[in-house]
Amino acid sequence: MAFDVVLAVLVLGVSIWTVTARDTFAAVVGFVAFGLLVALVWVRLAAPDVALTEAALGSGLTGGLLLGASTRLAHAEPTAAGEQPGAILRLAVAAICTVVSAGLAALVLLLPEPAPTLAPQVAENIAATGLRNPVTAVLMAFRAIDTLLEVIVLLLALLGMWSLAPDRLWGGSPGQRHHVDLDSALSFAAQLLVPVGILVGIHIFWVGSVGPGGEFQGATILAAMWILTRMAGLVDMPPVSRRWLRLVLVAGPAVFFAIGLAGFAIAGAFLAYPASYAKLLILAIEIPVTLSIAATLALLVAGPPERALQR
Amino acid sequence: MLDALTIVTVSAGAFFFLAGTVGLLRFPDALSRLHALTKADNLGLGLVVLGLLFQVEGPFAALKLIGVWLLALLAGATVTQLIALTARPGGRPE
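Just so you know, the protein sequences line up as chains A and B, in that order.
Here the first sequence stands for residues 0 to 310, where the numbers follow numbering that gives the first Met the number 0.
Here the second sequence stands for residues 0 to 93, where the numbers follow numbering that gives the first Met the number 0.
Just chain B, same shape as in the assembly (with noise of 0.2 Å):
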């Protein structure tokens, strides 16, 4: 029961990375790719992650996971953030 459970999120996971993929290689411009790829990240991982909690041993081995989801919506977050700003017409002068 549990393995199905992972079975699904985990490929719902990979599906929203796949479509973020395909979104980054096929959108027009920089805005709507990182639109994107935030997908991936966000959904995505948070998909796997979710899948992968199924499967561990102990509270400790989900928080570290849970953790490693956080830190990655943070870090994209930001990058996203800071690469939409020099993206953006009229953005950033550099």
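Isolated chain A (complex conformation) (with noise of 0.2 Å):
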């Protein structure tokens, strides 16, 4: 009990210390720290899952992403601290940010008691899926839609970053070379890590139907493995108009989609399964998508192709 106000207080003040905090490399700071924070609270409500995932994508994966933009946004730093927006704009944006806490807070105050649950039907039909992780049956069975949806609008991130590539460097690689320097901290890390990295990755992504873990939380930890070797020298950036990157990429979603139009004929309705060999089927989807959730993931963090493709 005592533990859990600490948390809710630290978790609070961190929040409030990353709103305010002027500079944005000190406040993507605070957000990565309060997404640590906030994957506690999830454990603390015995909801494990969803910690992994806070933690590896809320505050790994998008801290990368946020830390990746303030270094490309600090030269135009000083020149926007020195823009003052005009009274009625901020007014504006007071009044929205406060309608839409009030109303947060009004929906979260007036949820029923107890709250709404399908969990005793996803325990009763879990047997048919094969899996054993509810979590796990929900978000590739019972809800695979959403799951489809979400790898999808992943794909058209990536694609909308990479049209922020001048014509003249379309299709190059993305992001600087990093050179590399075989004494130094960090290719021996990187030496040393990765392979232990890449066998949690599967590890995660494998344990998913059974327990805590699944396909996103594993691609995270696998697309980190390649940032890192990337960010040591060891391998550089392919150009993002390789044929086989575009495959990685595609495969996922495209293997998720044509099994669950495969539904319509083998179990009656899209994204069905026959109960026979439903697992088969699921694991089918699964390896494809985090194979391509990592690359997906990677390549967000590589940011735009910068180098013009050698020809």
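A couple of the hints might just be wrong.
Here are a few chain A residues that sit away from chain B, every Cβ distance over 10 Å (derived from the structure) [said to hold, decoys possible]:
| # | residue |
| --- | --- |
| 1 | V40 |
| 2 | S58 |
| 3 | L64 |
| 4 | G81 |
| 5 | A104 |
| 6 | L110 |
| 7 | A126 |
| 8 | S183 |
| 9 | G232 |
| 10 | A257 |
| 11 | A266 |
With beta-carbon atoms standing in for the labels, derived distance ranges [as the list claims (entries may be wrong)]:
| # | chain 1 | residue 1 | chain 2 | residue 2 | range |
| --- | --- | --- | --- | --- | --- |
| 12 | A | D145 | B | R87 | 28 to 36 Å |
| 13 | B | G57 | A | T97 | 52 to 60 Å |
| 14 | A | E123 | B | V7 | 43 to 51 Å |
| 15 | B | F59 | A | C96 | 17 to 25 Å |
No lab work stands behind these hints: they were computed from the structure.
All values reported here derive from a predicted model rather than from experimental measurement.
Beta carbons: idealized from backbone N, C-alpha and C, even for Gly.
Assembly of the complex is requested from the two constituent chains, each provided in isolation within its own frame, with the hints serving as guidance.
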């Protein structure tokens, strides 16, 4: 109880600090700390699956994306800080924020007690999916359409970012090349950590069928390992026009969609699986989806193409 | 008996975290602050893990805990090196 109170106060304190921090970089650091604290909150709420996702995606990967953005914006920051928005604009922003916060608070306070739940139905029908982790059963079977759309949204985000590249760099390699220094601590850590990290990523993905874990969390770890080897200069990002890279990116959503369509023929509905080999089909979806998410996330962090294609 | 061992070692670990935090807040320059932080990571987490080892069931859970400690050591040491390289006077010009 005392721990929960301290945790809640810390979360509130860090969130206020993050919002009020004037320096972009400091705000990003605050955001990462906030995400880790929120992951702890999810653990306290007995939701380890959400905690893993928050720590890996919400705090780690989003933090990485924001760090990249703050570095890119660093040169424009003094100008931006010097500009004062007009009084009307500031009042409007304050009003909208107040309305949204009040609305959210009202919604939370008005929630029916006990909260409506579909958990008993999931527990009753989980045997049909061949899975033992109810969260994965919801994500991959009962609400598979949401997951399919999430995977596609990620791909759209990557396309949107790529389209920021100027025409002459289109199809080239993302980001600058990092120079390799084999004596540095970073490349030593990359060489030592990456094999372990890849195993942990695969483990987190694989264990998702019986316990906390799953393709998004596992893929984030795999993406982090790719980013680490790139930062150490051990590998370079391939040009985004490479055929194999695009195949990896599209394979997950495509296989997911194809098996979903096949559901009409073999089980009578979109994304329906016949009970006898549901788990096999889910696995056939999850493996390419994990690889696609990992590649998408790593490329998102790498940024839009910045080097022209070598012909 | 095992519980007593856990309490002693985890408390000792918590003490190192506290000392590391005080050092982070009070030490005058970046390099000595890093020095204080590494004590929290290495010894603090090490002692906490050691204390928890008395409580786990089976060798796999114990190996997992030790793995967590080793990975934290590797990450901590690397990040400390990188920060120190940037913070050192005449260090990496960036």
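query: Which of the numbered hints above does this structure break?
result: Structure breaks hints 8, 12, 15.
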